[in-house]
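*Asks:* The primary structure of each chain is shown beneath.
Protein chains: 2
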Amino acid sequence: MPAGDPTDVVRALAERAREASHELALATRATKDAALHAMAEALLARGDELLAANAEDVARAEAAGTPPNVVDRLRLTDERLVAMAQGLRDVAGLPDPVGEVVRGSTLANGLELRQVRVPFGVVGMIYEARPNVTADAAGICLKSGNAVLLRGSSSAASSNAAILAVLRDAVAGAGLPADVVQLVPAGSRETVTALMRARGLVDVLVPRGGAGLIRSVVEGSTVPVIETGVGNCHVYVDAAADLDRALAVVLNSKTHRTSVCNSAESLLVHADLVDTFLPTVVAALQDAGVVVHGDETVARLPGVEPATDEDHAREYLSMDISAAVVADVDGAIAHIRRFSSGHTEAILTRDQDAARRFVAAVDSAAVLVNASTRFTDGGEFGFGAEIGISTQKLHARGPMGLPEMTSTKYVVTGEGHVR
Amino acid sequence: MPAGDPTDVVRALAERAREASHELALATRATKDAALHAMAEALLARGDELLAANAEDVARAEAAGTPPNVVDRLRLTDERLVAMAQGLRDVAGLPDPVGEVVRGSTLANGLELRQVRVPFGVVGMIYEARPNVTADAAGICLKSGNAVLLRGSSSAASSNAAILAVLRDAVAGAGLPADVVQLVPAGSRETVTALMRARGLVDVLVPRGGAGLIRSVVEGSTVPVIETGVGNCHVYVDAAADLDRALAVVLNSKTHRTSVCNSAESLLVHADLVDTFLPTVVAALQDAGVVVHGDETVARLPGVEPATDEDHAREYLSMDISAAVVADVDGAIAHIRRFSSGHTEAILTRDQDAARRFVAAVDSAAVLVNASTRFTDGGEFGFGAEIGISTQKLHARGPMGLPEMTSTKYVVTGEGHVR
Numbered sequence: 006m007p008a009g010d011p012t013d014v015v016r017a018l019a020e021r022a023r024e025a026s027h028e029l030a031l032a033t034r035a036t037k038d039a040a041l042h043a044m045a046e047a048l049l050a051r052g053d054e055l056l057a058a059n060a061e062d063v064a065r066a067e068a069a070g071t072p073p074n075v076v077d078r079l080r081l082t083d084e085r086l087v088a089m090a091q092g093l094r095d096v097a098g099l100p101d102p103v104g105e106v107v108r109g110s111t112l113a114n115g116l117e118l119r120q121v122r123v124p125f126g127v128v129g130m131i132y133e134a135r136p137n138v139t140a141d142a143a144g145i146c147l148k149s150g151n152a153v154l155l156r157g158s159s160s161a162a163s164s165n166a167a168i169l170a171v172l173r174d175a176v177a178g179a180g181l182p183a184d185v186v187q188l189v190p191a192g193s194r195e196t197v198t199a200l201m202r203a204r205g206l207v208d209v210l211v212p213r214g215g216a217g218l219i220r221s222v223v224e225g226s227t228v229p230v231i232e233t234g235v236g237n238c239h240v241y242v243d244a245a246a247d248l249d250r251a252l253a254v255v256l257n258s259k260t261h262r263t264s265v266c267n268s269a270e271s272l273l274v275h276a277d278l279v280d281t282f283l284p285t286v287v288a289a290l291q292d293a294g295v296v297v298h299g300d301e302t303v304a305r306l307p308g309v310e311p312a313t314d315e316d317h318a319r320e321y322l323s324m325d326i327s328a329a330v331v332a333d334v335d336g337a338i339a340h341i342r343r344f345s346s347g348h349t350e351a352i353l354t355r356d357q358d359a360a361r362r363f364v365a366a367v368d369s370a371a372v373l374v375n376a377s378t379r380f381t382d383g384g385e386f387g388f389g390a391e392i393g394i395s396t397q398k399l400h401a402r403g404p405m406g407l408p409e410m411t412s413t414k415y416v417v418t419g420e421g422h423v424r
Numbered sequence: 006m007p008a009g010d011p012t013d014v015v016r017a018l019a020e021r022a023r024e025a026s027h028e029l030a031l032a033t034r035a036t037k038d039a040a041l042h043a044m045a046e047a048l049l050a051r052g053d054e055l056l057a058a059n060a061e062d063v064a065r066a067e068a069a070g071t072p073p074n075v076v077d078r079l080r081l082t083d084e085r086l087v088a089m090a091q092g093l094r095d096v097a098g099l100p101d102p103v104g105e106v107v108r109g110s111t112l113a114n115g116l117e118l119r120q121v122r123v124p125f126g127v128v129g130m131i132y133e134a135r136p137n138v139t140a141d142a143a144g145i146c147l148k149s150g151n152a153v154l155l156r157g158s159s160s161a162a163s164s165n166a167a168i169l170a171v172l173r174d175a176v177a178g179a180g181l182p183a184d185v186v187q188l189v190p191a192g193s194r195e196t197v198t199a200l201m202r203a204r205g206l207v208d209v210l211v212p213r214g215g216a217g218l219i220r221s222v223v224e225g226s227t228v229p230v231i232e233t234g235v236g237n238c239h240v241y242v243d244a245a246a247d248l249d250r251a252l253a254v255v256l257n258s259k260t261h262r263t264s265v266c267n268s269a270e271s272l273l274v275h276a277d278l279v280d281t282f283l284p285t286v287v288a289a290l291q292d293a294g295v296v297v298h299g300d301e302t303v304a305r306l307p308g309v310e311p312a313t314d315e316d317h318a319r320e321y322l323s324m325d326i327s328a329a330v331v332a333d334v335d336g337a338i339a340h341i342r343r344f345s346s347g348h349t350e351a352i353l354t355r356d357q358d359a360a361r362r363f364v365a366a367v368d369s370a371a372v373l374v375n376a377s378t379r380f381t382d383g384g385e386f387g388f389g390a391e392i393g394i395s396t397q398k399l400h401a402r403g404p405m406g407l408p409e410m411t412s413t414k415y416v417v418t419g420e421g422h423v424r
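Line order of the protein sequences matches chains X and A. Per this note's numbering, the first sequence starts with residue 6, numbered consecutively. Per this note's numbering, the second sequence starts with residue 6, numbered consecutively.
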């Protein structure tokens, strides 16, 4: 970590980012895409360097007794480098959000009004473990015209430093200021605090990681924050559901990938299905290796653990699910209002009125009818790139692609108009 | 002020607002518009009640030696009641932002994806002095489907309480919960703090008022904030300007109404105009009663006060303007980057390249070419209603109308889709 007070270090980085952001904001799509392709090529051409640096992180993690699944997420391989490079090329292939005219009109007095997308300026990313996020975030921020300050975890410090060196060389080689992509030292927690207090120098912070990290950034930051990702997603099986489809959607929502924010953590079943679908779905979940934590009614079934309020509120990120019986769609809505984190909720039903009511009354970033919660994803939604999934209501909600990484400004043109 | 700890009082109000917001979110446009018309009628029908309550506030202010212009802003008259009522009717006439499909598509797998506008839920407004803001904010929040907690100033406490009583009766009479509009006691500063800390109960805070109020809310709030209003707006007169138009625009920007955030506070003049336009515009400003605070070059002219950096950064809100000579459009851009509050900047020029560069490089909520800064306004932009002018980059930037008071959610419809 560079010498000096962490706050001063971060402010100096942010000032360089601000300066670089002015040039990046004016760069054409052609220049930005050339930089993205150069970044992709450099990751592959200098793969040995990256793997060597990553080996240091992995060795340190193993020596510290880090669990194997965490070490695995930290590890870079040739395959993962190829995926990182492809991610950058994919971003190059997407339309440039900057300059898009969001709305426009000619006013009654002849003034021409346009609302145009512009970059935020300087974005701070605070994230954990996986080094591929470093390249992903750099690419998305560059394409959306934002200089980025990347604050990864200390466990990936060597990998991130190596990735940054490669990306910065490529950016400079493509004719943009290297300072559009900078690494914030991970040595001390104080650099996170300094980022959170850099109001006026950093335009927006995007924390990505565990609930603890996100909560601390949201509560302590004076820089505007986009809150991402905690998902206590519910699947509600209505009395009028197609039960074969419902079974498939519940299993897919829970077991397709348990470690992600859009996997289901809570199952709600209509009271009419207590003797029919409920035992079937519980047994099927258990057969798939899922531990079911049920309310009083569900807990009467074999192998079901009794659920507390904490279980109903919990984002397990594991082969566990809470389950409750509700009287009807309004009961499901009330349960969701009480326990949901506002990420994704699904209803399974063939009843048009029930679907309509659920969609209208459930206040989450995504509400799905007859589909797996796993579809709440920038890739699945066709955005081409995703910086995270917002669970807040301000600015962006749900999967965030390139347009969500921009602001707008109004451009008004007249010929000497006065009021 | 109701008994109890201010934090508990505010939390109880917020919980009632949350409950009421569920019903309001599902209300049709017809119901909401009927409530707005009922509110307008009630303000007129019960005008005597309102004027009597307002007279208490005015008497208290006068007894406390409040300056006459501040007392005037506090005062309600028959005319002002009519304007408040008309404002509510105007909001009723605007399209309902809730339910608008922002984007939509059918994905490759047949899933139907729609991004739909939804209310935030509970909005907190913190504002000063003028009681007409109470009715305005109540109307805009109701139409956009948000329950609102109104925290006005203690100087308008009697007026606000009377207005709230009238509005709540009208809302209830129209079949919506009265708790969609609630007043937060203004007696203690602690109720503002409690609003700022009500994360999870209040979805967004909109502070409106002086720079001090806004800064304290922005820096101390854990609830997401939309920052409004501080405007150090610049007018840059380029060498290639039509000088007659430029003179008219400078005068209009500065003197049309000095107390508002979109009035000009800083004049920048191209170096080529030092001996021609500069003395003319300075004399014209002085003739109009404006005190000019100039940099070294400008201060050589008669009657000009020397300007400090503080002058260049200042939002005067009075008949004062700072003035500086810049080498060219890039000099103007650099000066604006250093001193602007990011509200509105205007360029006067007939040079297309200069206009294009200024528009691209100036990072403010509104950038105007050959038009007065006074046009940055929801009414002028044709939005029909305005809750404030955002000077932040997240969520909304520039004048905020009804759509800016909403969030969105994704609605995804399938037929048993799994990944």
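It is worth saying that the hints were derived from the structure and are not from the lab. Possibly wrong hints are sitting among the right ones.
Since the list gives no way to pick out one identical chain from another, each pair is judged satisfied if it fits inside one copy or across any two copies.
As the list claims (entries may be wrong) - Lysine to any residue pairs mimicking SDA-like chemistry, simulated, CA-CA at most 20 angstroms apart:
id, residue 1, residue 2
1, K414, G387
2, K414, E117
3, K414, D10
4, K414, Q91
5, K414, R361
6, K414, D83
7, K414, R51
*Asks:* Of the numbered hints stated earlier in the document, which are not met by this structure?
*Replies:* 3, 4, 6 and 7
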